[in-house]
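Taken in sequence, the protein lines are chains C and Y. When you number the first sequence by numbering that gives the first Met the number 0, it's gap-free, plus one each residue, and the end is 179. When you number the second sequence by numbering that gives the first Met the number 0, it's gap-free, plus one each residue, and the end is 130.
By construction, these hints were calculated from the structure, which means they are not laboratory data. Predicted model, so just to flag it, every value in this text is computed and none were measured. Note that the Cβ used here is the ideal one computed from N, Cα and C, for glycine as well. Mixed in with the good hints, there may be bad ones.
What the hints assert, rightly or not - If you want a taste of the chain Y side facing chain C, the calculated C-beta under 7 Å gives, among others:
#1 Leu9
#2 Glu10
#3 Arg13
#4 Thr16
#5 Met30
#6 Glu40
#7 Leu43
#8 Ile46
#9 Ala47
#10 Leu53
#11 Val64
#12 Gly65
#13 Arg66
#14 Pro69
#15 Arg75
To be verified - Listed next, the in silico SDA-like pairs over lysine to any residue satisfying Cα-Cα at most 25 Å (straight line):
#16 Lys69(C) with Arg177(C)
#17 Lys69(C) with Val74(Y)
#18 Lys13(C) with Arg48(Y)
#19 Lys143(C) with Gln127(C)
#20 Lys13(C) with Arg68(Y)
#21 Lys69(C) with Ser51(Y)
#22 Lys143(C) with Arg48(Y)
#23 Lys13(C) with Ser51(Y)
#24 Lys69(C) with Leu167(C)
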Amino acid sequence: MDADLRFLAARVAKGDDAAFRGIVDRTRAPLYRLAARLCGDLGDAEDALQDAYVDAYRALREGRWDGRSKVETWLYRIVTNAGIDALRKRRERGEKEASEPKFDGLVAAEARVALRELDAMLADLAPQDRAALVLTSVEGLSSKAAAEALGCSEGAIEQRLVRARTALRERQGREEARGS
Amino acid sequence: MSGGDLERDLERLRAATETITPGEGLGDAVMRAVKGAATSEDPLASIARRTSGLDAAPEITDAIVGRIRPLRGAVRPAPTPSWAEGVGRAGPFAVGIALLAAAASFVLFLSSQREVDATIVSSVDTVEVIE
């Protein structure tokens with residue numbers, strides 16, 4: 000898989016645009032899942048994923064992929080950044096103008112409900128803290144891999160996780176106090 | 000709205016919704032949800048499990064390729080590296096390796112010289128003893 004992707008990435012870098020379709024086809028599913036989990040919304044996830052692939056294409060054509068890191072890891076990082084940007088944009092525009100998903104025909108109802116739960120649970124967290132929690136607790140990455148995806152140190156990831164979990168516990172406490 | 004109108008509207012809605020039936024996967028989804036609740040699964044782990052099969056429709060690939068099409072002329076292709084850049088990049092490593100090789104040769108030379116000296120001295124000793 001990685002050798003195929005490296006080969007395709009090298010071809011795109013040399014100007015073979017048709018090879019980019021191969022990269023998208025091979026990496027689409029895990030990256031769509033990542034974007035959806037980060038954004039908690041399928042419309043935003045589609046936008047973030049498309050932006051990320053456009054960035055990746057530009058980077059390949061402009062020679063900004065060093066060829067040493069794994070293509071999957073490199074794309075994972077680009078999608079993570081695009082997901083964080085999407086969360087920031089959503090905060091700025093408010094919830095009123097949510098974009099409608101167009102390519103969600105294969106998404107099961109159970110997954111949609113789970114994404115809504117996730118979005119509601121993490122709504123109050125800062126985008127970077129939310130991303131750290133999603134990468135480690137939902138995507139199952141180690142702190143080291145999450146730090147690589149977010150472009151920060153492992154210590155920074157641990158701090159973000161502590162902040163995120165504290166905020167979630169406080170929120171749960173408030174909800175329980177309101178319920179009793 | 001009069002009571003008669005309300006009754007008629009409710010009757011219309013009842014008739015229109017009478018044929019609603021769940022999809023085939025509902026029973027399985029309910030059982031998975033019940034199982035998850037019964038085992039008090041961590042909420043984030045439960046969400047991870049329930050979203051593990053997420054995939055977009057294949058048409059998203061066409062949408063992405065469609066978005067990169069207008070960029071083809073706009074992106075600045077990576078410049079082809081010249082041989083001088085290669086020399087500049089690899090030069091320091093080459094000098095380092097050459098220095099290491101020179102040092103190793105010198106150490107080897109010294110040690111063999113010492114061996115030759117020792118051999119000569121021992122041969123001279125032997126000759127003296129014989130004499």
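Against the structure, the hints come out as follows:
no.	hint	in the structure
1	Leu9	violated (28 Å)
2	Glu10	violated (30 Å)
3	Arg13	violated (24 Å)
4	Thr16	violated (18 Å)
5	Met30	violated (11 Å)
6	Glu40	violated (12 Å)
7	Leu43	holds (4 Å)
8	Ile46	holds (5 Å)
9	Ala47	holds (5 Å)
10	Leu53	holds (4 Å)
11	Val64	holds (5 Å)
12	Gly65	violated (9 Å)
13	Arg66	holds (5 Å)
14	Pro69	violated (10 Å)
15	Arg75	holds (6 Å)
16	Lys69(C) with Arg177(C)	violated (48 Å)
17	Lys69(C) with Val74(Y)	holds (23 Å)
18	Lys13(C) with Arg48(Y)	violated (40 Å)
19	Lys143(C) with Gln127(C)	holds (16 Å)
20	Lys13(C) with Arg68(Y)	holds (16 Å)
21	Lys69(C) with Ser51(Y)	holds (22 Å)
22	Lys143(C) with Arg48(Y)	holds (22 Å)
23	Lys13(C) with Ser51(Y)	violated (35 Å)
24	Lys69(C) with Leu167(C)	violated (34 Å)
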